[in-house]
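Visitor: Since each chain sits alone in its own frame, please combine them into the complex, following the hints.
As you go down the protein sequences, you meet chains U and R in turn. The opening residue of the first sequence carries number 1 in the working numbering; numbering runs sequentially from there. The opening residue of the second sequence carries number 1 in the working numbering; numbering runs sequentially from there.
Hint data in this document are derived by calculation from the structure and do not stem from the laboratory. Some hints here could point you the wrong way.
[Claimed, not checked] Straight line, CA to CA, 27 Å or less: simulated DSSO-like cross-link-like pairs of lysine-lysine:
id: 1; chain 1: R; residue 1: 116; chain 2: R; residue 2: 158
id: 2; chain 1: R; residue 1: 332; chain 2: R; residue 2: 347
id: 3; chain 1: U; residue 1: 167; chain 2: R; residue 2: 45
id: 4; chain 1: R; residue 1: 332; chain 2: U; residue 2: 167
id: 5; chain 1: U; residue 1: 167; chain 2: U; residue 2: 55
id: 6; chain 1: R; residue 1: 167; chain 2: U; residue 2: 55
id: 7; chain 1: R; residue 1: 167; chain 2: R; residue 2: 116
id: 8; chain 1: R; residue 1: 80; chain 2: R; residue 2: 28
id: 9; chain 1: R; residue 1: 28; chain 2: R; residue 2: 45
id: 10; chain 1: R; residue 1: 45; chain 2: U; residue 2: 304
[Said to hold, decoys possible] With the C-beta cut set under 7 Å, the calculated list includes, among others, these residues of chain U facing chain R:
id: 11; residue: 30
id: 12; residue: 58
id: 13; residue: 59
id: 14; residue: 74
id: 15; residue: 178
[To be verified] Pair ranges (Cβ atoms, derived):
id: 16; chain 1: U; residue 1: 205; chain 2: R; residue 2: 27; range: 13 to 23 Å
id: 17; chain 1: U; residue 1: 304; chain 2: R; residue 2: 39; range: 36 to 46 Å
id: 18; chain 1: R; residue 1: 43; chain 2: U; residue 2: 168; range: 31 to 41 Å
id: 19; chain 1: U; residue 1: 245; chain 2: R; residue 2: 230; range: 50 to 60 Å
id: 20; chain 1: U; residue 1: 168; chain 2: R; residue 2: 119; range: 25 to 35 Å
id: 21; chain 1: U; residue 1: 88; chain 2: R; residue 2: 260; range: 35 to 45 Å
id: 22; chain 1: U; residue 1: 130; chain 2: R; residue 2: 164; range: 52 to 62 Å
id: 23; chain 1: R; residue 1: 39; chain 2: U; residue 2: 240; range: 44 to 54 Å
id: 24; chain 1: R; residue 1: 357; chain 2: U; residue 2: 205; range: 28 to 38 Å
id: 25; chain 1: U; residue 1: 206; chain 2: R; residue 2: 163; range: 43 to 53 Å
From a predicted model like this one, the values you see are computed outputs, not experimental measurements. Just so it is clear, CB atoms sit at the ideal spot from N, CA and C, and this is done for glycine as well.
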Amino acid sequence: MSTAGTTSFFELSHLKALEAESIHVIREVAAEFERPVLLFSGGKDSIVMLRLAEKAFWPARVPFPVMHVDTGHNFPEVIEFRDRAVARTGVKLVVGSVQDDIDAGRVAEERGPRASRNRLQTATLLRSIEDGRYDAVFGGARRDEEKARAKERVFSFRDEFGQWDPKNQRPELWSLYNGRHRTGEHIRVFPLSNWTELDIWQYIADDGIEIPAIYYAHRRMVFRRDGMLLADTEFVTRGDGEDLFEATVRFRTVGDASCTGAVESPAATVDDVIREVAATRITERGATRADDRISEAGMEDRKKEGYF
Amino acid sequence: MELLRFATAGSVDDGKSTLIGRLLFDSKAIFEDQLEAVERTSRDKGFDYTNLALLTDGLRAEREQGITIDVAYRYFATPKRKFIIADTPGHTQYTRNMVTGASTADLALVLIDARKGVLEQSRRHSFIASLLRIPHLVLCVNKMDLVDWDQQVFENVKAEFRQFAAKLDVTDLAFIPVSALLGDNVVDRSANTPWYQGPSLLHHLEEVHIASDRNHIDARFPVQYVIRPMSDEWHDYRGYAGTVASGTFKPGDEVVVLPSGFTSRIASIDTADGPIGEAFAPMSVTIRLEDEIDVSRGDMICRRHNQPTVGQDVDAMICWMSEQARLTAGAKYTIKHTTRSARALVKNLNYRLDINTLHREEGIDGLALNEIGRVSLRTTQPLLYDEYRRNRATGSFILVDEVTNATVAAGMILGPTQ
Chain U
1 MSTAGTTSFF ELSHLKALEA ESIHVIREVA AEFERPVLLF SGGKDSIVML RLAEKAFWPA
61 RVPFPVMHVD TGHNFPEVIE FRDRAVARTG VKLVVGSVQD DIDAGRVAEE RGPRASRNRL
121 QTATLLRSIE DGRYDAVFGG ARRDEEKARA KERVFSFRDE FGQWDPKNQR PELWSLYNGR
181 HRTGEHIRVF PLSNWTELDI WQYIADDGIE IPAIYYAHRR MVFRRDGMLL ADTEFVTRGD
241 GEDLFEATVR FRTVGDASCT GAVESPAATV DDVIREVAAT RITERGATRA DDRISEAGME
301 DRKKEGYF
Chain R
1 MELLRFATAG SVDDGKSTLI GRLLFDSKAI FEDQLEAVER TSRDKGFDYT NLALLTDGLR
61 AEREQGITID VAYRYFATPK RKFIIADTPG HTQYTRNMVT GASTADLALV LIDARKGVLE
121 QSRRHSFIAS LLRIPHLVLC VNKMDLVDWD QQVFENVKAE FRQFAAKLDV TDLAFIPVSA
181 LLGDNVVDRS ANTPWYQGPS LLHHLEEVHI ASDRNHIDAR FPVQYVIRPM SDEWHDYRGY
241 AGTVASGTFK PGDEVVVLPS GFTSRIASID TADGPIGEAF APMSVTIRLE DEIDVSRGDM
301 ICRRHNQPTV GQDVDAMICW MSEQARLTAG AKYTIKHTTR SARALVKNLN YRLDINTLHR
361 EEGIDGLALN EIGRVSLRTT QPLLYDEYRR NRATGSFILV DEVTNATVAA GMILGPTQ
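Pulled out of the complex, with its shape left as it was, chain R reads as follows (with noise of 0.2 Å):
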C-alpha cells in the first residue's frame, strides 16, 4: 500500500471541511466517540447541523472563533492507499500555512463554489500549489447541487480556471464536479452528473500516479550522521547514515563526495534489516565506501557525471513567515538546507510578487508576512543544490532568526544569482 500526502485549501464557506468530513467519515475514519463529541459540540453551539469543521480544529481558540488556525494533519486509507491530508486554513493571512501544507504534498486539493466561480482565494492556493511544485492539482467544484447540476457551471469555471492556470506551473490538472454536503462525485460516482466521465473523488486520489513524481534521475544523498559503532564486532565500521534526496544508489556505483570532491565507489548500502541492493527517495539508509575518505554531516555523496550545483550566491523565491520582523536587504539568518546550516545575508531583495495578478513589484524595501518574493542570497558555506523546480529536497531552504530562533522564511532555489 503506497503513501500519498495531499494538501486542501479553501475557506469554510467553499465546504472544505465538510469533504475532508465526507472522505474520512465514508472512509470510517471518524470513530463514533468523535462524531458523538462533534454532534454535542454542534448541537451546544446553536447549529442545526453537524458540524464537521469542529472536527479539525482541534484548539480550543480555534472553536471559540470558528476559524482554523492552524495546518491539522488527519489520516485516513482505504484499501489502496493510505492517505494524509495537510488540511490548511483558507483565511487570507495563513498563506504560510498553506505554504507549509503544500511543501510535503503530492497533491493539492482547491476547491471552488460552483455558484461563485473562480475566486481570488482559489488563485492564490493554485499559485501557491505550482509555487511549491505540487505534481498533482485537483479542482473540486463544490456545490453542484446548489447550481441544479447544470454542466454548462461546472464547464465555465474550467475554462476560467484553465485560463489562470496557464500562467502557472501546473503539469497535471483534474477538474470533479461534486457536492460535499450531498456526496456527490466524492466516494462514488454521482447519477445526478450523467455528463461527467472523470472518476470520483476518492477513485482519483486512489489512482493518480505519484511513484515517478519524484526525481529518480539526479543520485543526490546528504550525509545526515557518520555511524561509526567502534565495538568489537563492528570495529572498522564506517557508515554514512541519510535519506535519499533524489535518484537512485547500488552497490558498486562509482560516486564522488561534495564539497570535498574525492571519489569513492559505493561497498554496500546498509540497513538494520539487511543490506539492499538499490536505495531510492524517500529510503533512510547507510552509505558505506570502498576507500577512507573524509566524509561527515552536510555533505553530499552523488554520481561523478551528475553533479548539483555547489555556490555560495543563489537566487531564491521566498514566503516570508514571521508575524514580528520584516525581511530586508541586508539582514542575516541562518539558513538550513538538506543537512547543511550556515549564515546567509539577504543581498538583494529583487522584487515582491503579488500573488493574486501575478505582478512582480520592483524597487521594495522589505517583505512582511505572508508575502513572497525574489531574493538573492549569499551563504557562509557553499550550498549543493539544484534548482527547486527539479528537485524539491536538494533545492529547498528555510531561513532562521538568529534572535529568536523561529523559522521565519520557506525558500525555493531558482539558481546561481544572475
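So that you can see chain U by itself, here it is in the shape it has in the complex (with noise of 0.2 Å):
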C-alpha cells in the first residue's frame, strides 16, 4: 500500500493533479467514442501521454491505435523508439505518410533550401482521420506552448473539414466534456492542456519515464540558421555561410528534422534537464521551431486548417 504523491491530509501533489485530470480525460473518450486514436509522435509530450493512456486502463490494454503521422524527415532515434514503444505496449501503430500524399498529387513539395514538409502535415493528419473514420484523437499540445494553444479546449471541436473555429468554441464546464459531434466531424482531444514543459520533464523523471536520447546532450554536427542550431541531415540544404560546426547539443522539441533546432546544452540526465529547464528564459518552441516563427498567428493559422 502506497500514498506516493499526497504531501499530506487530503493533498495531491501537483503532478498527481494532473495524472488524474489527464486520466479522466483519456477514460471520458474510451466511454464515449467509437474510434478514438492517439497521435503518437515519438516526442516527449506524446511518450507521456502513451503513458497516461496506459495507466487509465491497466491492466488492460490501451482500447485505441495509435497513429504516426511521418513526415520522412526523421530522427533514426526517433522512429527506433517509436517501434519499441508500440511493441511494448501492444497498441496498433497507424502511419500517415506525407510522402504518399505527395506521391498521389494531394499536396506538393515546398522547393528551397528553406522547404519543410511541416506544413503538408495538416494534409495527411486530416486525410489519415478520415480513412480510418476517427472520432476522437487525441493530442498532446500543452496550452503552456503557445498564445493560440493557451485558448483551446480539452475537447476542441473540428468540423468536416477539420477546422478549428477559435471565435465559436463550446463553453467547458466542470470536468463535464461535451464530445457530440456528427458523422465526419471529429474531436480533437487535449489530455496535457495543463501541463507545462517543467511538469512533462518532472513527471518524466518521477515515473522512470524512457525517451530518445536526442533528449540529452550528444555531439553532433549542426550549423546556425536564424539563431537555432539546425542537425545536418540529408532533409536540409544548407546556404551561403551556414557552415557546419560540432557541438553538444539536445533536443527541447522532436519534430520534422529540417524545421527543429537543438539547443547547445551540456545537460545530459533528465534531473540535469529539469534544472535547465526551470532556469530557462526562451520557450521550447521559441527557441526550437523555425515553424512558429513565421508570423504572430502562424499557430492560430495552421491550427485553424486542422494542424495538431
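Guide: Written as C-alpha cells, this is what we have:
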C-alpha cells in the first residue's frame, strides 16, 4: 500500500493532480467515442500521453490505436524509439505518410533551401483521420506552448473539413466534456492541456519514463540558421555561410528534422534537463521551432486549417 | 507541491492583464522571447508602454480589437505551489466565460479600481464567484498609487464591498491594496502601505488553505469506465474506473451501487502504480468490489449510510450560454451530469436573476445569452446528485443542444423540484 504523491492530509501533489485529470479525460473518450486514435510522434509529450493512456486502462491494454504522421524527415533514434514503444505496449500503429500524399499529388513539396514538410502534415493528418474514420484524436499539445494554444479546449471540435473555429468554441465547465458531433466531424482531445514543459520533465523523472536519446546532450554536426542550431541531415540544404560545426546539443522538441532546432546544452540526464528547463528564459517552441516563427498568428492559422 | 486554480475577472481598465503580467513576470513564467514579441507588437501599435495584455490575448481577433474574447489559461509556479490561471474577459457580454473559468477555480481574484470603487462589473463577478461556489474570494483594490496610498480609500472600498457581499454566499474574503503597474503588494509587501498588515497577493495565493475545500464527507464515485482485460493473466479482473468526486474510499468499505441499490464491499483500490489504501478527490482510480454485481458507466458507488438524492425532477440555477437560441419552457436538451447522460425537459422557468441587483424577475418567457435563472427540469433517467452548494462535482451539469451539439447551459442543482 502506498500513498505516494499525497503531500499531506487530502493534498495531492500537482503532478498527481495533473495525472488524475489526464486519466479522467482519456477514460472519458474511451467511454464515449467509437473510434479514438492517439497521435504518437515519439516526442516526449506523446510518450507521456501514451504512458497516461496505459495507466488509465491498466491492467487492460490501451483500447485504441496510435497514429504517427510521418513527414519522412525523421531522426532515426525517434523512429526506433517509436517502434519499441509500440511493441512494448501492444498498441496498433497507424502511419500516415506525407510522402504518400506527395506521390499521389494531393500536396506539393515545398522548394528551396528552406523547404519543410511541416505544413504538409496537416493534409496527411486530416486524410488519415478520414481514412480511419476516427472520431476522437488525442493530441499532446499543451496550453503553455503557445498563445493560440492557450485558448484551446480539452475537447476541441473540428468540422467536416477538420477546421478549428477559435471564435466559436464550446464552453467547457467542471470536468463535463461535450464530445457530441456528427458523422464526418471529429473532436481533438488534449489530455495534457494543463501541463507545462517543466511538469512533463518532472513526470518523466518521477515515473522513470524512457525518452529518445536526442533529448539529452550529445555531440552532433550542426549549422546555424535564424539563431537556431539545425542538425546536418539529408533533409536540409545548407546555404552560403551556413557552415557545419560540431557542438554538444540536445533537442527540446522533436519534430520534422528540417525545422526542429537543437540547443547547446550539457544536460545529459533527466535531472540536468529539469534544472535547465527550470532556469531557461526562452520557450521551447521559440527556441527550437522554425515553423512557429512565420508570424504572430502562425500557430493560430495552422490550427484553423486542422494542424495538431 | 500543490496545485491552485484561480479565476481572474476584471476589465482591461482595472489593470487585470497588468496584474497577471506582473505575477507571471516576477515568478519568471514569462519567457524572454514572449516578452520580446509583446514589446515589438506594443511598439508597432504605437503604445508607449509594454502592453502585457498582448501576452494573454492569443487570438488574432483579440489583438485586432484589443479585447479579450475567450478564457485563456496561464501557468506559473513558485517553490510552494503551481498555479493555473483562468483569465476571463471582463465585458458584460462574456458572463459565460467567467462562469466557465469559475467552474474549476479554487479562488477568484476580482480587481477593483481604487478611484472608482465597487462598480456594477465587480459586483457581477463576485456574484458569479459565489454562484459557482468558489471557496475563496480575493479583492485586489488596484491603482492605490493613483489615490496616494490613502488608507481611507481602501477602507471605503472594503466597507462598500462587505455590504454587498452580505447578500452573497462567500466563506473566505480577503482585501489587498495593490498597484499592479508598480508591483506594490503583488509579490512583496509594499512600504507604501504601512497601514496594511496582510500578506502580498502572491503570498496569499501560496498560503490560502485549499485542501479541505473539497467535500471529504460524502463518498461519491461516478463509474466512468469498466475495465475488463480478458487476458490470460487477468482473466477474472473486473474493475470500475473513475475519478473520486468527493469523500474517501478505503478497501473494506461497505458500499452501495446506485441506482440498482446492490451492496458490496471494496476489495481493492487499484492504480497502475499499485493498490492504494485510501482514495479521495480528485484521484483517478479503479475500484474492485467483492461481489459480482452489475455495474456500468453512469452508476455511482457510495456509502450505504450516506447516499446522494436519486431523482428525475430537479430545480437548478442555469447560466444560458447560447448566442443562437434562447432557453424556453418546454424545450428538450441532452443533460450531462457526472458520468451520466440523459434527456432533460425544461418544465418550468421560475425566474430570471438580475445579477446586478440580485432581483428575481418572474413571469419571463425565456433566458438569453449570459442570463441566469432558475428552472425545473424533468429527466428521462434518474440523476444521482447532491446540492451544488454541498458538492460541486455531483451538483453540476451541462445542457447540450441536440441539433447543433453546442453546450448551451451550465447548471447548478438546488434540490428536488419544489
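Visitor: Hints first: check each against the structure and report whether it holds.
Guide: Each hint, compared with the structure:
no., hint, in the structure
1, 116(R) with 158(R), "holds (13 Å)"
2, 332(R) with 347(R), "holds (9 Å)"
3, 167(U) with 45(R), "holds (23 Å)"
4, 332(R) with 167(U), "holds (26 Å)"
5, 167(U) with 55(U), "violated (34 Å)"
6, 167(R) with 55(U), "violated (46 Å)"
7, 167(R) with 116(R), "holds (21 Å)"
8, 80(R) with 28(R), "holds (14 Å)"
9, 28(R) with 45(R), "holds (25 Å)"
10, 45(R) with 304(U), "holds (25 Å)"
11, 30, "holds (6 Å)"
12, 58, "holds (4 Å)"
13, 59, "holds (5 Å)"
14, 74, "violated (26 Å)"
15, 178, "holds (5 Å)"
16, 205(U) with 27(R): 13 to 23 Å, "holds (22 Å)"
17, 304(U) with 39(R): 36 to 46 Å, "violated (26 Å)"
18, 43(R) with 168(U): 31 to 41 Å, "holds (32 Å)"
19, 245(U) with 230(R): 50 to 60 Å, "holds (56 Å)"
20, 168(U) with 119(R): 25 to 35 Å, "holds (30 Å)"
21, 88(U) with 260(R): 35 to 45 Å, "holds (39 Å)"
22, 130(U) with 164(R): 52 to 62 Å, "holds (54 Å)"
23, 39(R) with 240(U): 44 to 54 Å, "violated (32 Å)"
24, 357(R) with 205(U): 28 to 38 Å, "violated (54 Å)"
25, 206(U) with 163(R): 43 to 53 Å, "holds (49 Å)"
The earlier numbered hints that this structure contradicts are 5, 6, 14, 17, 23, 24.
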